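A.B. asks: Just so you know, we're using the working numbering here: the sequence shown kicks off at 2 and counts up by one.
Lysine to aspartate or glutamate pairs mimicking DMTMM-like chemistry, simulated, CA-CA at most 20 angstroms apart: (1) K66 to E55; (2) K73 to D63; (3) K66 to D37; (4) K19 to E7; (5) K19 to E70; (6) K66 to D30.
Pair by pair, the computed Cβ-Cβ distance ranges are: (7) T23 to E55: 27 to 37 angstroms; (8) N40 to K73: 18 to 28 angstroms; (9) E7 to K59: 27 to 37 angstroms; (10) P54 to L3: 31 to 41 angstroms; (11) T27 to D53: 27 to 37 angstroms; (12) W45 to D4: 28 to 38 angstroms; (13) D53 to R26: 31 to 41 angstroms; (14) K51 to D4: 29 to 39 angstroms; (15) W45 to K19: 14 to 24 angstroms; (16) E70 to D16: 16 to 26 angstroms; (17) D53 to V6: 29 to 39 angstroms; (18) H34 to E55: 16 to 26 angstroms; (19) D16 to I64: 18 to 28 angstroms.
No wet-lab data here; the hints were simulated from the structure. The model shown is predicted, which means the values in this text are computed figures rather than measured ones. Every residue gets a Cβ at the ideal spot worked out from N, C-alpha and C, and that includes glycine.
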Amino acid sequence: MLDKVEGRGRWTVTDLEKAVLTISRTLGDWVRHSWDTANYLHVWGFHETKLDPEDVRKRLPDIEKMVQEAQKY
Numbered sequence: 002m003l004d005k006v007e008g009r010g011r012w013t014v015t016d017l018e019k020a021v022l023t024i025s026r027t028l029g030d031w032v033r034h035s036w037d038t039a040n041y042l043h044v045w046g047f048h049e050t051k052l053d054p055e056d057v058r059k060r061l062p063d064i065e066k067m068v069q070e071a072q073k074y
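All chains, please: the whole structure from these sequences, using the hints.
C.D. replies: Next up, the structure:
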């Protein structure tokens, strides 16, 4: 999959989804849950601007865990 991404020069949503599911099989379902949270914030907070600061704050722990774990690799 990485060869396709590198050849294209970017990730698609489909690529990201497949990567998350693959990583989740190794590290656990929390990865998928954290990704779903991050994607939700991206769509509804950034693109649609429908979330207020408290909506974002409530979801930060899931995303922080995903980032901290990713930094280990």
